[in-house]
Amino acid sequence: MRRVLLVVIAACAAAAVSRAETILIRNATVLTITKGAIENGSVLIENGKIAAIGKKVSAPADATIVDASGKYLMPGIIDCHSHTAIEGGVNEGTLSDSSMVNIKDVINPNDINIYRSLAGGLTISNVLHGSANAIGGQTIVVKLRWGKSAQEMIMEGAKPGIKFALGENPKRAGEPSQNFFSQGAAPERRYPGTRMGVEEVIRESFAEAKNYQAEWKDYNDRVAKGEHPIPPRKDLRLEPLVEVMEGQRYVHAHCYRSDEILMLIRVADEMGFKIRTFQHVLEGYKVAREIKEHGAGASTFSDWWSYKIEAFDATPYNAAIMAKKGVVVSLNSDSDELQRHLNLEAAKTMRYGGMTPTEALAMVTINPAKQLGIDDKVGSIEVGKSADLALFDQDPLSNYSKCLRVWIDGHQYFDRDKDLETRPKFNEEKKQLLQKENAPATGQRTGRPVANAPGASEEAYR
Amino acid sequence: MRSILGFLGFALMPVALWAAGDNSVLVRNVDVHPVTGADIRNGAVLVIDGKIVEVGAHVAPHGGVKVVDGHGLQLYPGLINAATNVGLSEVESLRDTIDLDEIGTFNPELRAEVAFNPSSEHVEVTRASGITTVITLPGSGGRGRSATASVITGQGALMHLEGWTWEEMAIKPSAVMDMLFPEIQSGGGRGGFAAFLNQGATRSYAEEERQYKQKLAQISQFFDEARRYEIAKAAGAPEFKRDVRLEAMIPVIDGKQSLFVRAERERMIKDAIEFADKEKVKIIIADPRELGSTGSLLKEHNIPVVLGKTFQLPMRDDDPYDAPYTLPNDFYKAGVKFCFGTFDTEFARNVPFEAAQAAAFGLPKEAALRGLTINSAQILGADNEIGSIEKGKVGDFILTDGDPLEAKTNIKQMFIGGREVPLESRHTREFEKWMKRP
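The listed protein sequences derive, respectively, from chains Z and B. Residue numbering for the first sequence is 1 to 462, as defined by my numbering. Residue numbering for the second sequence is 1 to 438, as defined by my numbering.
I should point out that these hints are in silico values taken from the structure, not numbers from a laboratory. Fair warning: there could be bad hints in the mix.
[Unchecked claim] Derived DSS-like pairs (lysine-lysine); straight-line CA-CA distance at most 27 Å: (1) B/K412 to Z/K431; (2) B/K337 to B/K280; (3) Z/K324 to B/K412; (4) B/K337 to Z/K325.
[Stated by the list, open to error] Residues of chain Z clear of chain B, computed beta-carbon distances all greater than 12 Å: (5) T94; (6) V106; (7) I154; (8) E200; (9) S205; (10) A214; (11) E270; (12) S306; (13) E310; (14) D375; (15) V383; (16) N427.
Just so it is clear, CB atoms sit at the ideal spot from N, CA and C, and this is done for glycine as well.
Modelling step: build the complete structure from the supplied sequences, incorporating the hints.
Right under this line is the structure:
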């Protein structure tokens, strides 16, 4: 039953995806983010890219015209920290270094939260493992191409990453009283159980990776000299760490306290790699200078706090403080629900620290794009960038706004009018399907129990 | 920076003349939004000894009363969050800092206010968003967290977010009786996902239904016991002995204290109404996730509703993506009286945004604001004291530079009982401290 409904939803929504056509969106307030706002502006989309922007833009005769009078057009929203569309478990928690596992292998393109998030203007997610291990799994950037295959959702040209985690979550498995991924009595404790141990795991793994890197270098050097040595054994755990050291893979490090943020910077200095982003980083405001000097970005929550002791020194001014001190800051969701309205999370930075409207929206568009190394392709409305756009009925920084339409690569993936239009048909279809299944009078067998049902907590992620 | 300047600007404001009692104040040159009446542009509000005595376009200065120039700001009633755990919960993951969900099935004698920590950091943080009053509930509503979940978790208190002690803070102690209505645990019910994954362990529907009916019978029995207790007490029977647990039920069975019934699904709401009819008690439906066909039933029975978070995911995969966003408007259209709560501590301060999101998806803005002010006060039985800017009410209000339901609006000043309350918190102090780090 559940599968049938999903297929129906997917099929109908897929039908709403248009061909890559030439589209002229006109009369909108265009929030370019990088080049100011254009009132009564137009944006021309050709071949999936932004072809022209301005007060007056001429379009070919066959262009589809979208009249956006009174509406606001912004770049598609980008979330630097998501767990959406991960099939099965989010944490491979049995090891303290699980760098061999890869999110790419478990993307579920039918996750309804993809569509729900599109409906909030989200177009790109950085999909990460959970925070059970000091070194977690490999991460991937996806475009929310609802209706496409898992493979087609992976964003072209976006560098993959790896998740690190510091603090309470990775050490929890080593504490005698708590174990959030094992069930049943007396779970086995797993090293590390302290922040010191977390540091050691990372140093140890990189020390191994350095040896491994040297073995391969030696092998390749000898091959180049015409020798025939035996190749080293391929190590799927160390390979991604070598990629990190060689700048081929980004490190996204879950962290809370200032001491552990500083610790990781020093380990990275010692081992010769860079941290691309600190994730959550609720005490980033205390070490903003060091984060900036390292060249890392900070991807934080707008206002989460107090859910655990390492989140008790959190302040919603964190994003503003770090931004004022020169760090590239983004606001992330870490939640299927929150990622549906990241524009409203951005609005909070205006209250908490006095960000300007553009600075606020940059935190969910161009800044996360910079952090993910995709700012040459997305994150702002500029000629030549991908036509990833979200149309809102009013200023997206207003709590009264709502998203109306979303395009990715010039294809329309969400249209609120169409969504509303198809609802009666859905309901009818559902009724018929239920009748066919000869549902019991209680009608309790519809749909899937939801992951956000009270009791199914998200705490393990954050 | 802007807010630092704001704080400084206020501190240096020359217009505040300190004289009479510090709970008397005249605020003028403000746009007054009384909620229960028409807006007054460039008006004034006079508070004497904590109570509002005059509201209007022209209010004469009152001898010795401090005058605050509103500088053209907006004046709204202090906002109300009608469901929180503020004061009873500090750090969610640390049990030592949590005083929720006492052991036992029926705990009507427990009172939230006696454990309300007036020094909780959440008090200052919550009021910084313009919230002057909260209901603090003794239960988390954490359904499915334990198989032996409580039915009656205790009494929720209506608390001002200002005061030296919980006694001073309590506007209406024992405002409501918090109750988790039982549910037939089938399909996607409470703890549904875990149950779904663990299907081998779930019981048959017939078995679930039998247990549910058993639980209902147990509840009825408890109410009967309370009634017999009341009769025995009134009759002054010689063998009568005081029982604090049953005594706490008397206001409920007398219809003087509302049962705050948490019922998420349509069937639970219907069952709760049927239960209230049978037991002849007053109820408030709390944290519903769907309206279903209960609209006319709620309206006919004049049962109000405290809505939970608007920012939620739809309950079912095939629900419309905006189902939680349109839910408040569903209740509005059905003519049901409702207000907003968050049923948590961490995000208690975001209740204005929960209401605004409903307005983005169809709820009239006025109804959203009423759901944070006058409706909340009426539903909680405190509308003679709070919920609007009216003569005779407590001087609870905020001065803002815009609509308080917008995140981009700054809450500039707050008055509780006519007394100015600082808007600093742990959060602003960290901001100021760490901005100074070289």
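**Prompt:** Against the structure shown, which of the earlier numbered hints fail to hold, in ascending order?
**Reply:** 1, 4, 12, 13 and 16
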